[in-house]
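> All chains should be built: construct the whole structure from the sequences, respecting the hints.
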Amino acid sequence: MDLTFTPEDQEFRERVREWVQKNLPEEWKDSIPRTQEEREIINRQWDKKLYEGGWAAIAWPKEYGGMGATLIQQLIFNEEMAMADAPEGLMHGKGMLGPTLFKFGTEEQKKKHLPPILRGDVVWCQGFSEPNAGSDLAALQTRAVIDGDHLVINGQKVWSTWGYLADWCFALVRTENTVPKHRGITYVMIDLKTPGVTVRPLDQITGVHDFCEIFFEDVRVPLENVVGEINRGWYVAMTTLTHERSTAYLGHPIRFRNQLERLADLARNTKRNGRPMSEDPVIRQKLARSFIEVESFKHIVYRTISSRVRGEEPGAEASMAKLYYSEMLQRMTELAMEIEGPYSQLVRNSKWALVEGDWQYQFLYARAATIAAGTSEVQRNILAEHILGLPR
Amino acid sequence: MDLTFTPEDQEFRERVREWVQKNLPEEWKDSIPRTQEEREIINRQWDKKLYEGGWAAIAWPKEYGGMGATLIQQLIFNEEMAMADAPEGLMHGKGMLGPTLFKFGTEEQKKKHLPPILRGDVVWCQGFSEPNAGSDLAALQTRAVIDGDHLVINGQKVWSTWGYLADWCFALVRTENTVPKHRGITYVMIDLKTPGVTVRPLDQITGVHDFCEIFFEDVRVPLENVVGEINRGWYVAMTTLTHERSTAYLGHPIRFRNQLERLADLARNTKRNGRPMSEDPVIRQKLARSFIEVESFKHIVYRTISSRVRGEEPGAEASMAKLYYSEMLQRMTELAMEIEGPYSQLVRNSKWALVEGDWQYQFLYARAATIAAGTSEVQRNILAEHILGLPR
Amino acid sequence: MNFGLSEEQSMLKKTVRKFMEDRCPTTFVREMMADAGGYSPKQWQEMAELGWMGLTIPEEYDGMGMGLVELAVMMEEMGRAVLPAPFVETLMAAEALLQAGSAEQKKEYLPRIASGELIATLAMDEPEGFWEAAAIKAKAVPEGDGYKVSGTKLFVPYANAAGLIVTAVRTAEGAAPEEGITLICLDPKAPGVTVTPLKTMDQAYRLCEVQMDGVAVPAARVLGEAGQGWPVLEKVIRKYIVALSAEMVGGAEKAMEMTVQYAKERVQFGKPIGSFQAIKHRCADMLVDIEGSRGSLYYAAWAVENDVPGADLAASAAKAYCSDTYFKVTAGSIQCFGGIGFTWEHDIHLFFKRAKRLETTCGDATFHRERIAELWL
Amino acid sequence: MNFGLSEEQSMLKKTVRKFMEDRCPTTFVREMMADAGGYSPKQWQEMAELGWMGLTIPEEYDGMGMGLVELAVMMEEMGRAVLPAPFVETLMAAEALLQAGSAEQKKEYLPRIASGELIATLAMDEPEGFWEAAAIKAKAVPEGDGYKVSGTKLFVPYANAAGLIVTAVRTAEGAAPEEGITLICLDPKAPGVTVTPLKTMDQAYRLCEVQMDGVAVPAARVLGEAGQGWPVLEKVIRKYIVALSAEMVGGAEKAMEMTVQYAKERVQFGKPIGSFQAIKHRCADMLVDIEGSRGSLYYAAWAVENDVPGADLAASAAKAYCSDTYFKVTAGSIQCFGGIGFTWEHDIHLFFKRAKRLETTCGDATFHRERIAELWL
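Chains as they are written, first to last, in the numbering used here: chain L, 1 to 392; chain Z, 1 to 392; chain R, 1 to 377; chain F, 1 to 377.
Do not rely on the hints blindly, as some may be mistaken.
[Stated by the list, open to error] From the structure, some residues in chain F lie toward chain R, with a derived Cβ separation under 10 Å:
id, residue
1, F276
2, A278
3, I279
4, H281
[What the hints assert, rightly or not] Which chain R residues stay away from chain Z? Per the calculated CB distances, all over 10 Å, these:
id, residue
5, M11
6, A172
7, I340
[What the hints assert, rightly or not] Computed cross-link-like contacts, BS3-like style, restricted to lysine-lysine with a CA-CA straight-line distance of at most 30 Å:
id, chain 1, residue 1, chain 2, residue 2
8, Z, K271, F, K148
9, F, K137, Z, K271
10, L, K110, L, K181
11, L, K181, R, K271
12, F, K264, R, K264
13, L, K351, R, K139
14, F, K264, L, K181
15, R, K235, R, K271
16, Z, K181, Z, K103
17, L, K271, R, K235
18, R, K106, R, K235
19, Z, K271, F, K139
20, L, K103, L, K193
21, R, K199, L, K29
22, F, K271, L, K181
23, F, K264, R, K271
24, Z, K181, F, K264
25, F, K235, Z, K271
26, R, K328, L, K351
27, L, K181, R, K264
28, R, K137, L, K271
29, L, K351, R, K199
30, R, K148, L, K271
31, Z, K351, F, K137
32, R, K13, R, K106
33, L, K351, R, K189
34, F, K328, R, K328
35, F, K189, Z, K351
36, R, K271, F, K235
37, F, K148, Z, K351
38, L, K112, L, K48
39, L, K29, L, K62
40, F, K328, Z, K271
The hints are simulated quantities; they were obtained by calculation from the structure and are not laboratory data. Ideal Cβ positions, reconstructed from N, Cα and C, are used throughout, including at glycine.
Written as structure tokens, this is what we have:
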């Protein structure tokens, strides 16, 4: 039990901090309320800036342009980015496709796809979920039939984050119907400019559309775009997901802590009949509860990293982290609404809106937190079955 | 929507009130903390007093010595008893066996068993649950084999309230193994003095034993003690349960309201560092929550009665009432513990114990509320399946 | 003793449900969300013709002379439909007139309200405070036989559409904040009044800022005795929160029905998701919360209507309970719907957002629990 | 950076678990429940021989010189076993001596504590108050070179068995309640001291009343400077609540393990009950609460041991979180066990009752959340 960092790591932290301080424009800070369009532009520009600074994908092996950073260095990097309130970038390519290609990609695939991701030139999105394959992802039905040296794809994907921005999509498609459902799935990279592809943004309850539907109508994709073997796509995707999920949250504790401090500020600055809400004993209980949860989430992340550093394999801890922070986030944003009272009605661009109506957006957006990337119910199943060994 | 009572009902209420005021000794009041033994003695004596006053079982038909009281009269009677803080008596015979016999009993059975129940001479207990048949009651395994004009019973029952006091037991036993489990069960009345019966009180986490185990070893019971047909016992029991459950809670709203007022008194009288806990804003929120719940529970009961009066059949509402009040009761007793702070440790007969340690007993006892007579989980299944029509 | 609807009340319920299903489907609600005024004058007139604007107005003023239980029945159905219109506020402004208005005032306003000609609303909250007497700071200084009023009111429902705003202002500073409050009949067209619609989360409802800048209010427009406005307002609020509670129960029930329906149809892992206890028990809890809330609601409606002891407590209990329930049920519904529940296309967010607005109107659950403690402990 | 146990710490954990499994099964706990003293001197001596009474006492006083993380490791295991003994109080009394004791006092008491010869405990709460400085009212008036002390202490752990009671008394009335508090080394055998065991829900632990009736306390028995006792006590409490949090995490984990085991074995409706989501998800929530609690616990242990900024916050966070978790987990466990969980015979109630006692020691969850708000907001 020792929460101090080595001098080398400390030095690495200084380097990251110095760079980000120099290179992050004040107006790009992530917690500044802004429109989706503004956010996209900044995300793209930031990705390019990271590349120029040599920080594009520090976790990637050096041979592919990364730094081969240790897990602790990844933690530090993410913490510093969070501390500086830097944008998170459009990270599907770096965070999800990249690691998949290292492990399952051909040399050609790596050569073709990794450099543009690194440079921030090509944006990727994920094509996993379908209207009838949500929690039950393996029930996916988007059909791919081999026709010569191509796959011909028909079907529909949904919940593809940034789909409308993306150039390419990594997707799971069904290539075999006569075997148990996990065994007939193939992992394939699809150029979204291919004829037959239609991307449609989904309007959300926030009034914004981060998520998209993608329709495939006789879309011809070269077989060389298959990652791993035909019909082995489920395992390709799951391996990466486990990997990705266990490091996806490295910067979250600090981002949540910052959000918590903004919540405390909201309570301090919101007066009700002359009295700051931060002095209200009932609100104080709830703020303290959030404080405890945000801190504990950090410890959950730290403990996971430490066990990885000690050489333990990533397991279902990612489910715990995800379940934990998503439920916590909902409580935090609900508390913000409670603090605001009737002001909680006022959204962005309304006269009298508090903090530019940002908490309203966060409140609505947080409803997705317990659904996307595995509902809380699915996470509880995973925890109960994989960690506690309860029967299916 | 009219919550006033007719003049006749009002008059009936006056009659009950007058009688109970005259006949209930101050020291018999139900909410006075006392030992289990004291409580039993009072319950028995009160049952006899009710009989003498002509109030033993007002819901029973006149021909069996009841009053044939309307549902509203039953409500009034139970409310007045609750208001007067009268003991509840040992009501298994009156409340559960009696109605079963009206519906399924032979003339001989009625003649033999009903009068002693009415007089309070014979105490009955229930023999339904078994160690391996709890929530899954129909899985019961206590075996009964027909041997001439007798059933020979072997097996074990558990959770029989007042088993150690009881003279007789109405039980469900398995008479047929080769059919689906609900169809091989028989309802039988067993004299607990029959050779081969052993009753063993179960010590509980409260330190008290209301519940018993009953063991049967080659117990011979005359076939004339079977209620309804052989192998039809499940339906006999369920019919009565539905009936019983829908009127079992008539007096509860007032008893809970009284308990709530005692809780408010506890908060008023418990000072922490000079300040009454009733002035603590966090405690006030929780007290108010209990207030809302206790009141709403009353409305749930009233609505159920009204729908019965309008001629609607009792359905799953009893599950709702049971689920509602059991969870509410746990919260109330937990709140009492919170109000007491470290004093919550001090139980009956301890120096410094608050309110004679009664809340401690209630707190522990309330853990059974969400388990006995159908767990909260079972009630939720019933509500979801029977009222909302969700699939099994 | 009948804790349930009478035949007439059941009939009313059916009529309103039928109307709402026909005339207020969610496609209509969505139209109104995009509409500048936020409601349909045509629909308003249709409802008026059915007599609903006069539901609780005595017959002598062309109303139907019904009570709070009937209003609750109606509001439940309007809640199911997420009705975009200042229905309850109009009736509550009428209530203020009934409570405190002079014979002339009643004659002037009530028949026009009942006929649907006049939309009315209430202005109470201000930028620095809300839900309490202390919040009322808009200043009225004597001028001529009346007052000159200045101040800002916030969250005023449909001030953009109203011809009358019953407004609470302060004519004196008393020892207690409840003293010195006066109600006035504000004409939104009067010089010095500026109405600005606000952008709200519940887009199917308009909340406005009402700015009063030296508005001349003649004595004839003062409602009741000067300085005695708070007790009147309290009585109005008591009915208002019961009506809102009914809207919440209706909305929650509809949300639950939608969820249960979906849970029966949606198949994942080879089974309808409603067969999984995570969903099934959540739905059962919704049912219990809704039935518990409904009990508290109808008791409150009856108790307030008949002014029995404890009516204040009952009203606050209903508002607290129904607020919690509507939010909990709709949040749970979104979770059960999963991804599609997060889409704009799906209707569940209309209910979720409505829940949030109603919760913060005239005191949230925490506020009313504290009020229960005050009245009870 | 390693958020986890070192090899030595893991080894310690194993040793303690082994000992507890062998020497403190629940049959032993039940024996102690019925025992007048409520602990076993023999077992105490065995633990002492392993050096545990001196775990956090420096080597110069015959201790092992370890820190709060090691103590937390040990307390987790003791929590799993529902240990009936004043272990943590003895170590915390030693901590008070280390914080404020004179060289003589340390020499007098610490080696005897480390050897197991001397059981010690803390007396803080009083009939009219607890958990706060204001609660301390037992009066100490100067007499000779020392004090004459009168007052009543409640909920004193194992005062019946202790040879030393570190007691907080008031030697002066200051402007703030934190001023004027003095710690004394009370000898329970001194004339004027009466110890009365109380009947408690957690029968596997003795809490006592300590009555002081004009007890003469010589200057040599005053711990630290007169009137300066509160800051010392605060430091001790900070460690105490971390240790208690560890006991709670250990107990909660054991309760969860018992529940999960049962859920795998118990069959109803033809399936292990652990395959029903009502049970399965409840167990998953237990796991999450326990892992979250454990994180807050070890961070607090490390932060307090190293006295980093925010250590007070961390300690209160751990106490609040672990209190909630232990109660929630054990209450949920009883529900999962169903009827047998309600029997005396079954062990789960030992944990449930222990949870309740630990929760109310040195501040419940609500108290510590308010404290977090004080320190943070």
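> Going through the numbered hints above, which ones does this structure break? Give me the numbers in ascending order.
15 and 36
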